[in-house]
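Undergrad: Chains as they are written, first to last, in the working numbering: chain S, 45 to 529; chain W, 3 to 254; chain A, 1444 to 1883.
Note that these hints are calculated values from the structure, not bench results. It cannot be assumed that every hint is accurate.
To be verified - Below 16 Å or equal to it, Euclidean Cα-Cα: the simulated EDC-like pairs (lysine to aspartate or glutamate) are:
| # | chain 1 | residue 1 | chain 2 | residue 2 |
| --- | --- | --- | --- | --- |
| 1 | A | K1817 | S | E468 |
| 2 | A | K1776 | A | E1749 |
| 3 | S | K447 | A | E1524 |
| 4 | S | K415 | A | D1767 |
| 5 | A | K1826 | S | E466 |
| 6 | A | K1776 | S | E468 |
| 7 | A | K1607 | A | E1638 |
| 8 | S | K428 | A | E1749 |
| 9 | S | K473 | A | E1749 |
| 10 | S | K428 | A | D1767 |
| 11 | A | K1817 | S | E476 |
| 12 | A | K1489 | S | D117 |
| 13 | S | K120 | A | E1491 |
| 14 | S | K246 | S | E204 |
| 15 | W | K167 | W | E80 |
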Amino acid sequence: MNEETREDIKLVEDVTQTDYKWGFVSDIEADEFPKGLNEDIIRKISKIKNEPEWMTEWRLKAYKHWLTMEEPDWAKVNYEKVDYQDLIYFSAPKKKPELESLDEVDPELLKTFEKLGIPLEEQKKLAGVAVDAVFDSVSVATTFRETLAEKGIIFCPISEAIINHPDLVKKYLGSVVPQTDNFFAALNSAVFSDGSFVYIPKGVRCPMELSTYFRINAENTGQFERTLIIADEGSYVSYLEGCTAPMRDENQLHAAVVELIVLDDAEIKYSTVQNWYPGDKEGKGGIYNFVTKRGICKGKNSKISWTQVETGSAVTWKYPGCILLGDNSVGEFYSVAVTNNFQQADTGTKMVHIGKNTKSTIISKGISAGKSNNSYRGLVKVNKNAENARNFSQCDSMLMGNKCGAHTFPYLEIENNSATVEHEATTSKVGEDQIFYLNQRGISTEDAVNMIVNGFCKEVFNELPMEFAIEAQKLLAISLEGSVG
Amino acid sequence: MIKIKNLHANVEGTEILKGINLTVNRGEVHAIMGPNGSGKSTLANVLAGHSAYEVTEGEIIFDGKNIIEMEPDERAREGLFLAFQYPIEIPGVSNSIFLRTALDEIRKHKGEPELTPKEFLSLLKEKAQILGMDTSLINRALNQGFSGGEKKRNEILQLLMLNPKLAILDETDSGLDIDALRIVSEGVNAYKSKDNAVIVVTHYQRLLDYIVPDFVHVLYKGRIVKSGTKDLALELEERGYDWIIKEQPETV
Amino acid sequence: MKNRIDNQKWYVDNFNLFKSSNKNVFSTLSNKAIEKFKTLEFPTKKDEEWKYININPLLKNNFLPSSLSANSSVNLETIEEYTLDNLDVYRFVFVNGIFNSELSTGLDFGKDIIAGSLSNLLNKNDTRLEKLFDIKNKLQKDNNIFNLLNTAFLHDGFLLYLPKGTIIDKPFHVINISTGNNKLLNQPHNLIHLESNSKAEIIFEYVSEKATEHFTNIVTEISVDENANLNVYKIQNESPNAFHIENSNILQKNSSVVKHFSLSFGALITRNNINAELDGENVENNLYGLYLGNKNQQIDNHTFIEHIKPNSNSNELYKGILDDDAKGIFSGKILVQKEAQKTNAFQSNKSVLLSNKAISDSKPQLEIYADDVKCSHGATVGKLDQEALFYIRSRGVPLELARSMLIRAFIDDVVKEISIEQLREKINHTIFQHLKRVEF
């Protein structure tokens, strides 16, 4: 990243850490929304957002299908089921109760901020302390969007795209994750609040990393985020999602949908750091993170690369996948999933090989500590006509203590004999002799464990954009704090 | 024996051989040398008919026949032998069954009768002795668990057993200590006659102390850029490849 | 759907016929089994454990339990086709799941050892049965509908009990042959209990006299006490129209060693379930499998290995070769309980697709709750090694023969573990016969 774009991002970060000015068009208070879900509620959501009729119908179709579905129970997670009629399905970004100064903030939280090296102003914002808006937010935001607009890149809230770019949205929304795909995706399709829309035109290499981080950093992402990214022929974009700072979100259920569409010779790199509230040490509270992420390599020589660092949430259910439709297309999945205390993660990927000479790589590192359970679940499917498909999967697990569980559930479905598919998995612990060796060189046990764990995750961190990688390492250390010794 | 004319070959779309011309006559030993990545092993594999390499242009006339369209086993039955740089391990198939099968196929092709088990065994013992090979290796699975040296020796055992018209040795010296190198070379020399020919592909000169070449060719970026006698190999040993590379026009 | 229900009803109706003719120590167990059977349904592809196999062709047929059909026999010559040259064995022959003493040899083992027919013992009302095989606790955990179907009609099977320190000098060769009758349901129920420090080898061979459509539904219960050692070779080479299901349970105590081979060649649909419970320390459990499919065969191997106590090893290797339209399935799970520290568990599934219509589905799984363990699994699917193919061909060996060599190379690490040489030869031969490939 060059200096200029770095500055751009900084500016926009600062701006968006003040009130989020675009996206929601709302003058209706959240309180006006009754609990529960029915057609009227959906119409109301659609209306508040000034959506065209086709969008309302689209949501209703999803809703009707959702009614016929059952919540899946095949994942290796146990949780108290959500009462879907007890939720409020629309809330404008509410102001959090503001505190006078940082002194009033939970000291635990401040310690964490410190370790992550989050600037003071940002800390205030994250903790819900009042911050003065310094910049004229509208003008800076406009500058930022103009830089992208010069290249023809569209980067805006999806609610805005529905109104301003209906052709693109109509064409691609639900084309990778249909409304009927699964229980949570159907629910999301019916009620999604907002999210990002990205379109990279032909031959354009997006000059900066696009991110939700600076757009909706501390504000309500909404429980039902919807992201749609389209990379037209020969284009490239790197998209960062999430935030390394702990998010204190009151919404218990998060059911996001992300769809990626990649045309000929284009590439999308999608990186996620997920650090939602995991619940306390006794396993109380915490987010249910039930996400459907899927990309399609529609064109030849196209590529999708998913990288995720999952440390948060009480329950995670997430399988970012790639449909490798175009000939010579490439799918990658790099994942670090850390669970501690009572967290449960069931995550992995789906690689579906359809085109010829398609290639996929899966590198998954699971670390379990405390009383947590961490599962890798992945599918590699090679269809009948997918000549010369290649897959390599490596899924390693590490256990810390013997009250946790580490599990690997790969599925290999191969219907073409020119395929080469390899899966490997190992389970191990942090070696006592490794720790001893490092201790002997004067390194504390805690640092030694961090070093070893970071080494274990190296292959995945290498895939993250630089700043993200450093933060992810710190995050890992914090997540595993106190789990050894 | 073999006439290679303007041979071009690709691997995964990249051109590796860019017009090789080489003629090897009966009774001759030719050495192909060159820096890493010059295409030496590719040439050896293309001659043997490896399917990963696509011949895009040129001819390989072996003993009067163009073998470009021939499958690897047909070429072998015609009398072309490649000693592999990395011989493959085949579990579950014993060395002797493998050799017996191969030899029978080649003899059948030549219109010769199959050997009786007794004849086969005595021939095998005779050849193994030349290489100082323990006969226990003969009943072990093909190359499985063999050391690097044992594998190379086993390649030469196959050479002696199958007695081809042309032997191509692909980096046969790599991974051999000095004693093994001598034994392997003795094996090759035992094979050599006025009726057959040898192409030695090697990076180093040391093998050529034992298997003395009549001609030495330097391969660079897919072309033979210099040919000479065994003195050229000695010069390369002394001066390296840089001076030859510098002689090349930029476009190469 | 209708098929399934009708099919289930058919077996329940037949049970009523069976019950009246069958009174013995197992009657209570049989009744319990049929009651549980009634409450369950035959699995569909929606069941996770049955998602890759289509058993509809099996459920379309109403098979007649062989204990209700007229006894049939086969010639001695037919049986001798299956004997292994130059191998001395104790031979036990079951025809349609029912023991045939005339075709069997070497039946006298003295009074302490029990080896032979379950039915014989039932008829003698041998009181040892109940204790030795823990009859009371049977079925407590089991919810497998095919296991229940077998147990409901429990009638005969191979029985082996070795008291402490018994070492059997030669293998048991248990031949189960299905005769020419179509639509028979043969349900061997094999019970094996090795007390501490005893040792045995058993070859179970399942074959058919003709290419009939029959259903073999087996239950095999194996219990191996401290320091005992058991090798089991199960060879399934039934009629290409047959249906074959086996549920095997293996229970191992401290320092016991079990080597189990599952070698599948025949039958249209094969399903092998193996559950191994390693309830002891220093246990060694080895599961080997070969499955060869051609035409439209479906072969489904499910294994489940549970490490309960510390310091035990399990090692699993399953290899499949699939030709034509065949489908091979492997699903293996290793569960390491949290007390089972210092567990070593390895699992590997490899398959080769010889035709571009063959299918391989693989699901190797690890579920681990102990931290100080070494566990790994791997799975590969692909074609024969192309570099090796080039190497062999470059020595003048024609393509088809070179392929055969690579098939042998591929299965070698399973076959070489067979410690009976004559059996090894036979398996090597059967592989090429089944795949219709040149032998060398």
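Undergrad: What hint numbers does the structure not satisfy?
TA: 3, 4, 8, 9 and 14
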